[in-house]
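*Asks:* Read off the chains here:
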Amino acid sequence: MGNSILTIKDLRVEFPVETGTVKAVDGVSLELRPEEILGLVGESGCGKSVTALSILRLIPAPGRIVSGEIRWQGQNLLDLPISDMTKLRGKDIGVVFQDPLTSFNPVQKIGHQIAEVLRLHTGCKTQETRDAVINALSQVGLPDPERQYDVYPHELSGGMRQRTMIAMALICHPQLLIADEPTTALDVTIQAQILELLRIMQAQNRMSIILITHNLGIVAETATRVAVMYAGKIVETAKVRELFRKPLHPYTHGLLESIPRLNRSGSLYAIPGTLPDPLNLPNGCHFAPRCLEAMDVCRKLVPDLLPQSPEHNVACWLYK
Amino acid sequence: MANLLEVTELKKYFPVRSGIFGRVAKYVRAVDRISFAIQPGETLGLVGESGCGKTTVGRTILRLIEPTGGQVYFRGEAVAGLSKRRMRELRTKMQIIFQDPFSSLNPRRVVLDIVGEGLVEHHRVGNLRQKKERVVSLLEKVGLASQILYRYPHEFSGGQRQRLAIARAISLDPELVVCDEAVSALDVSVQAQIINLLIELQSQLKIAYLFIAHDLAVVKHISQRIAVMYLGQIVELAPTDDLFNNPLHPYTRALLSAIPNPDPEQKSQRIILYGEIDNILNLDTGCCFQSRCPVTMEICKRQEPVIQEVNGHYVKCFRTSGDSCKE
Amino acid sequence: MRAYFIKRFLLIFPTLFGITIACFMIMQTVPGGPVEQFVQKMKYNAQMGEGGSGGSNQFQSELTRRELENIKKYYDFDKPILTRYFIWLGKLVRFDLGESYTYGKPVIDVISSRIPISLTFGLISLFLTYLVCIPLGVKKALNHGGTFDNWSSILIFFGYSIPGFALGVLLIVLFGGGSFWSVFPIGGLVSDNFEQLSWFAKIHDYAAHLFLPVLCYMIGGFATLTLLMKNSLMEQLNQDYIRTALAKGLSYHQAVFRHGLRNALIPIATNLGMIITVFLSGSFLIEKVFTIDGIGLLGYQSIINRDYPVALGLIVISSLLALIGRILSDLCLVLVDPRIRFQ
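Chains as they are written, first to last, in our numbering: chain A, 1 to 320; chain B, 1 to 327; chain C, 1 to 343.
Accuracy of the hints is not assured; some may be wrong.
To be verified - Straight-line Cα separation of at most 20 Å, EDC-like style, residue types lysine to aspartate or glutamate; simulated pairs:
| hint | chain 1 | residue 1 | chain 2 | residue 2 |
| --- | --- | --- | --- | --- |
| 1 | A | Lys246 | B | Asp263 |
| 2 | B | Lys11 | B | Glu66 |
| 3 | A | Lys9 | A | Glu69 |
| 4 | A | Lys9 | A | Glu36 |
| 5 | A | Lys239 | B | Asp113 |
| 6 | B | Lys93 | B | Glu121 |
| 7 | B | Lys141 | B | Asp173 |
| 8 | B | Lys132 | B | Asp173 |
| 9 | A | Lys109 | A | Glu146 |
| 10 | A | Lys109 | C | Asp240 |
| 11 | A | Lys246 | B | Glu265 |
| 12 | B | Lys11 | B | Glu304 |
| 13 | A | Lys109 | C | Asp337 |
| 14 | B | Lys301 | B | Glu265 |
| 15 | A | Lys239 | B | Asp173 |
| 16 | B | Lys206 | B | Asp173 |
| 17 | B | Lys206 | B | Glu175 |
| 18 | C | Lys41 | C | Glu67 |
Unchecked claim - Ranges of calculated distance between the beta carbons of each label pair, as one might list FRET restraints:
| hint | chain 1 | residue 1 | chain 2 | residue 2 | range |
| --- | --- | --- | --- | --- | --- |
| 19 | C | Phe148 | A | Thr19 | 24 to 34 Å |
| 20 | B | Arg124 | A | Leu292 | 35 to 45 Å |
| 21 | B | Ala78 | C | Asn271 | 45 to 55 Å |
| 22 | C | Asp149 | A | Thr21 | 33 to 43 Å |
| 23 | A | Pro16 | C | Thr147 | 18 to 28 Å |
| 24 | B | Glu298 | A | Gln308 | 51 to 61 Å |
| 25 | A | Ser157 | C | Leu16 | 38 to 48 Å |
| 26 | C | Arg258 | A | Ser157 | 55 to 65 Å |
| 27 | B | Arg124 | A | Arg245 | 29 to 39 Å |
| 28 | A | Ser157 | B | Arg75 | 40 to 50 Å |
| 29 | A | Glu18 | C | Leu16 | 49 to 59 Å |
| 30 | C | Asp149 | A | Glu35 | 25 to 35 Å |
Everything labelled a hint here was simulated from the structure, so no lab data went into it. Cβ coordinates follow ideal geometry from the N, Cα and C atoms, glycine included.
All chains, full assembly: derive it from the sequences and hints.
*Replies:* Quick look at the structure:
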């Protein structure tokens, strides 16, 4: 498709460990359209964060991108020299991490930490930077931004810190924001504030967001399109309404059924079994051992992610 | 029916010291005059955001922390001031499951010893064979295979460890289990399994739960009644359906509307609460929720509301006392 | 926080009281004090003079007894030990440490005459240790598991396991005595003809004398500080904020030096206050090997000779410096880490 701003093709990321190799991302293909909020959901260890961090080539130490292609504005980011990559980070693509306390340098004032991004990517003068930072802080709803410039991260509350993180990620007006579990460390009422802020900033800056989360409720309320991951693979992608109304993959279906909901009570549907051992992934479809509808072919061959309808792709042998 | 557990005016204040001689300048009122009761075999959900004091309540009931004031009665017997020996007996009837299945199990002991420790300690089993038999049957109850007796905690996933913690908690046939954020650290699919296990065990063994969590949706699935806490106080307590269909306290309403709804067709009317939980050094006068309340009045700043009850629905708010609060 | 520091400062006095009373008691109850030494000397003399007449012997012992009384009185040993302590403490409050038995001079003068030597060695070795260890630790952290890291670890642990004085002996044999390669003087601080030397030659002479002892002082200190620096930086490099720094568009090098390093230096700053103890630093063994008349030797001799005023004086001053050093360390911590607030 011509109008995607980012295309990931067959990405593979591996983490060598003592007892073998963990295939954290095992052949992921994904595309991102302008001004969309793509929800990337899955349970812990499914590879959603690693996929997103691969875009910026920020995979933690022993991990490495084995193969694949990440196309951004006509160039493959995986071929880019590291010096060009640093020019891209923070300027064209911003990131918001899960824990806003540990994600800030604890001994530097937050104003300086935000100003650093501006100084790196623009030739701003000192006073201009200060004004721009204060402006950005007020945009994300920090009360008394003049004063907050000189505050240390630990002096802010959790919600305020995450607002500051968002201000820092957006200060150069990136076209893409990667939000990695941005509200997981926060309380529900604060989570609601932060999601609201993300929606407002998306509309104002007309950017795309990749929203990584394990919470399907957040996806339902915030995302426009969803990609569901399981054990290193994308099993289903669809527009958000379509996915929640008509989930095709048995895993998506089970996941939706197992969420505690306000309008139901009593016992929940639970997907049987446990997540597969990442060192020893099953042959064929990774979900087959837990799938109630598994067939012989599922245990032998890996299904491809194929369209069922124009906007709805699924990787499952039930739909061949 | 007689109450299994009754908590009256429970208080836990933590002193804040300052100055050269460490005089107590202020108190953090972590738990501030809380009262509730749990019936045998019932689940009471206790919800609130981080720092609201819900965990302290759980630990004070088990006397893992000594309360500053108030009383806890277990089967009519006052827990505070019990002799060490009586307390030891009582502990078998009250157990706790913690949030973090990675740190709450001793990493150097095998499953047999972790689950069987209480059995040996309280002389429920005479020899190793009996201990093994009992542990195997406990493991079966929580859905674990019997061949894991000699494995260590690190060999298990988060969900399996939480099953181990549950097996340990029910080993002495308790009447009350405090579940302190017992499913919060788990993934959705595993969380559902554990919630179902807890519900199943309750119907089999007639255990009562004090289910402490921050997620209202999770609490809803397991509780018959729910108490909502804010800054050390219970602001609303009601039967589950009643609380969800007719929330009376503005904080409960905001909390309910803040939960992301996993149904994109139903865009909920969201009440966004501004501000964050107040400084832990609580306000001195008025309602604890006044600074964030969307419908605060003049009186809320001057006076503390009293708890009112209508048909088992308790609420602590001025809005509900006079006219209807639904506006 | 000011209250905290005032409290810490006030706590110095009871602590010092505890230290001195314990040391005073132990020291003065150990046999071999000045009075016993005198008796010993008298007995020796008496034995030597055995050949003389019995009458004069009688007279001599009478004299000895009187002399003994005088000696006791002179050293205040005619009073009970607690009284002696409080007399000593009373003087201490007026900043009077008494007079040395051995040197017959005020203790303050005896100690302060050695301080320049301590300061020279202390400051030079401290400065050089930090100068080497911090960059070395950083380099090792960035090269963790690499060839440089492994080889430098072997080297510094080799140095760590050699006692300073043993290295001193080795160095003197190799480079001092002339049996192998005579480039450095064997000992002392300056040459005999120091006064006649030109201004430049003086510096050269002094540096040549300092070189080997400073090396001995430093050799053991490398390992601790280098590894502290390395581990501290490595821990910081795994922190989330380094990832944030990279995501902002900093290069890895920039992220390490602009963000990681300052955080990694915090544990090192914790020890900074203890630098104040260099005023009285000095190793008896190294001083002995290089025949330097420093604090280490003074302390050793004062204990061997039961020169109580000097020994106690050294204890008082070094305890005081250590106690102040700890408060200074806390202050440093507050200065470098905005998260620290003492209550």
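*Asks:* A separate judgement is required for each hint: does it hold in the structure or not?
*Replies:* How the hints compare with the structure:
no. : hint                            : result
1   : A:Lys246 / B:Asp263             : holds (12 Å)
2   : B:Lys11 / B:Glu66               : holds (10 Å)
3   : A:Lys9 / A:Glu69                : holds (5 Å)
4   : A:Lys9 / A:Glu36                : holds (19 Å)
5   : A:Lys239 / B:Asp113             : violated (50 Å)
6   : B:Lys93 / B:Glu121              : holds (14 Å)
7   : B:Lys141 / B:Asp173             : holds (12 Å)
8   : B:Lys132 / B:Asp173             : holds (17 Å)
9   : A:Lys109 / A:Glu146             : holds (13 Å)
10  : A:Lys109 / C:Asp240             : holds (16 Å)
11  : A:Lys246 / B:Glu265             : holds (12 Å)
12  : B:Lys11 / B:Glu304              : holds (17 Å)
13  : A:Lys109 / C:Asp337             : holds (11 Å)
14  : B:Lys301 / B:Glu265             : violated (39 Å)
15  : A:Lys239 / B:Asp173             : violated (49 Å)
16  : B:Lys206 / B:Asp173             : holds (10 Å)
17  : B:Lys206 / B:Glu175             : holds (7 Å)
18  : C:Lys41 / C:Glu67               : holds (12 Å)
19  : C:Phe148 / A:Thr19: 24 to 34 Å  : holds (29 Å)
20  : B:Arg124 / A:Leu292: 35 to 45 Å : holds (39 Å)
21  : B:Ala78 / C:Asn271: 45 to 55 Å  : holds (52 Å)
22  : C:Asp149 / A:Thr21: 33 to 43 Å  : violated (25 Å)
23  : A:Pro16 / C:Thr147: 18 to 28 Å  : holds (21 Å)
24  : B:Glu298 / A:Gln308: 51 to 61 Å : holds (59 Å)
25  : A:Ser157 / C:Leu16: 38 to 48 Å  : holds (44 Å)
26  : C:Arg258 / A:Ser157: 55 to 65 Å : violated (26 Å)
27  : B:Arg124 / A:Arg245: 29 to 39 Å : violated (53 Å)
28  : A:Ser157 / B:Arg75: 40 to 50 Å  : holds (42 Å)
29  : A:Glu18 / C:Leu16: 49 to 59 Å   : holds (54 Å)
30  : C:Asp149 / A:Glu35: 25 to 35 Å  : violated (48 Å)
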